[in-house]
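Each chain, letter by letter, is given below.
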Amino acid sequence: MAKNVLIVDDSATMRKIIMRGIRQAGIQNADFKEAGDGLEGMKAVAAEKFDLILSDVNMPNMNGLDFVKAVADKLGAPPPIVMITGEGSEEVVAQAMSRGAKGYLKKPFTPEKIQEVIGPFLK
Amino acid sequence: MATATMEPHLVESLQQAAQEILETMVCVSPDRIEQVPETTSTFTAEVVGLLGFTGTRTGNFVVRAPERLARAMVARMLMTEPGQLGDFAAAADGFGELVNMLSGNFKNAWVAQGNRMDLSVPNVIHRGTVHVDTEHAGAQRTCVRVTIGGDALDIGVHFEADGAE
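One line per chain: the protein sequences are A and B, in this order. Residue numbers for the first sequence follow this note's numbering, beginning at 160 and rising by one. Residue numbers for the second sequence follow this note's numbering, beginning at 2 and rising by one.
Bear in mind the hints are in silico, worked out from the structure with no lab data behind them. Incorrect hints may have been included.
[As the list claims (entries may be wrong)] Here are a few chain A residues that face chain B, going by a calculated C-beta distance under 8 angstroms:
1. S170
2. I176
3. R179
4. Q183
5. Q187
6. N217
7. P219
8. G245
9. E246
10. T269
Glycine included, each C-beta is placed from N, C-alpha and C at the ideal position.
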């Protein structure tokens, strides 16, 4: 059964790259929905149920760290959220994890790394 | 000129980030990556990506490229042809993401030294002029030039003077 995956990133280019990377990683059971920032992401989360959320950190309007917290506050038991970011500093990762993220994928990434980080959430 | 360059390891981390990002996300192997003098703080280029930061120092990433190279890189990121990108908006979005990744990776090296850096979102200017304020004593700036197929991608990092909070 297909898994419902929400990708939250302000770059349409990056959203496409993430979708392609997931396919290249051999993960074929994902249906993708897209949101351009945390606010759009919140609307998507309110409208349907997701099995996994992938979120950028550095976004306008509502950044990824605030988005993670808002999802946790709204849903109580949210789906796993994985941050996808060029900012792999311990500080950012710690902040994301403390707000409810279950993992992070650092840009740039390879299909192998996608499989390692995201694969377990889509089995 | 009172403007200084940056510590060698920061330049090296920028070079490594550029190589890794281009090879992994753009699927291109640069012909050459080298530090070059950043002789100005005013830039006129076909494509300029600007991303500001605050924290231990205040400043900007200023990434420049000819439009032909910007389109070619974004097309490779999307596994399409440059002519398929349509108007410049798609290329600008992808170029902005490149700037985002380069600055995020530079931030990692900077933060590892105990510094703080908060990044803005990138802005991409098409055929315009950008000026950043790094002409004063205490400012630092450097540029890493990536040569791809004869075209240059210039990655400038500018720390303003008196940037400490």
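Q. When the nearest CB of chain B is found for I176 (chain A), is that gap smaller than 8 angstroms?
A. holds (6 angstroms)
Note to self: Quick check on Q183 (chain A) please, does its C-beta sit within 8 angstroms of some C-beta on chain B?
What the structure shows: For Q183 (chain A), the interface hint is violated, since the closest Cβ of chain B sits about 10 angstroms away, which is over 8 angstroms.
Check: Does the nearest C-beta of chain B fall within a distance shorter than 8 angstroms of the C-beta of P219 (chain A)?
Finding: holds (5 angstroms)
Given N217 (chain A) as an interface hint, is its Cβ closer than 8 angstroms to any Cβ of chain B? holds (6 angstroms)
Could you check if S170 (chain A) really has its C-beta closer than 8 angstroms to a C-beta on chain B? holds (4 angstroms)
- Cut-off 8 angstroms, beta-carbon criterion: hint that E246 (chain A) touches chain B: holds (4 angstroms)
| said: Does the closest beta carbon of chain B sit nearer than 8 angstroms to the beta carbon of G245 (chain A)? | reply: Hint on G245 (chain A): holds, closest Cβ of chain B at ~2 angstroms, below 8 angstroms.
> With 8 angstroms as the cut and Cβ atoms as the points, is R179 (chain A) at the interface with chain B?
Replying inline: holds (7 angstroms)
Hint check, Q187 (chain A) versus chain B [nearest Cβ-Cβ separation less than 8 angstroms]: violated (18 angstroms)
- Residue hint T269 (chain A), partner chain B, criterion CB-CB below 8 angstroms: Nearest chain B Cβ about 6 angstroms off; hint holds.
In summary, the structure is inconsistent with hints 4 and 5 from the numbered list given earlier, while agreeing with the others.
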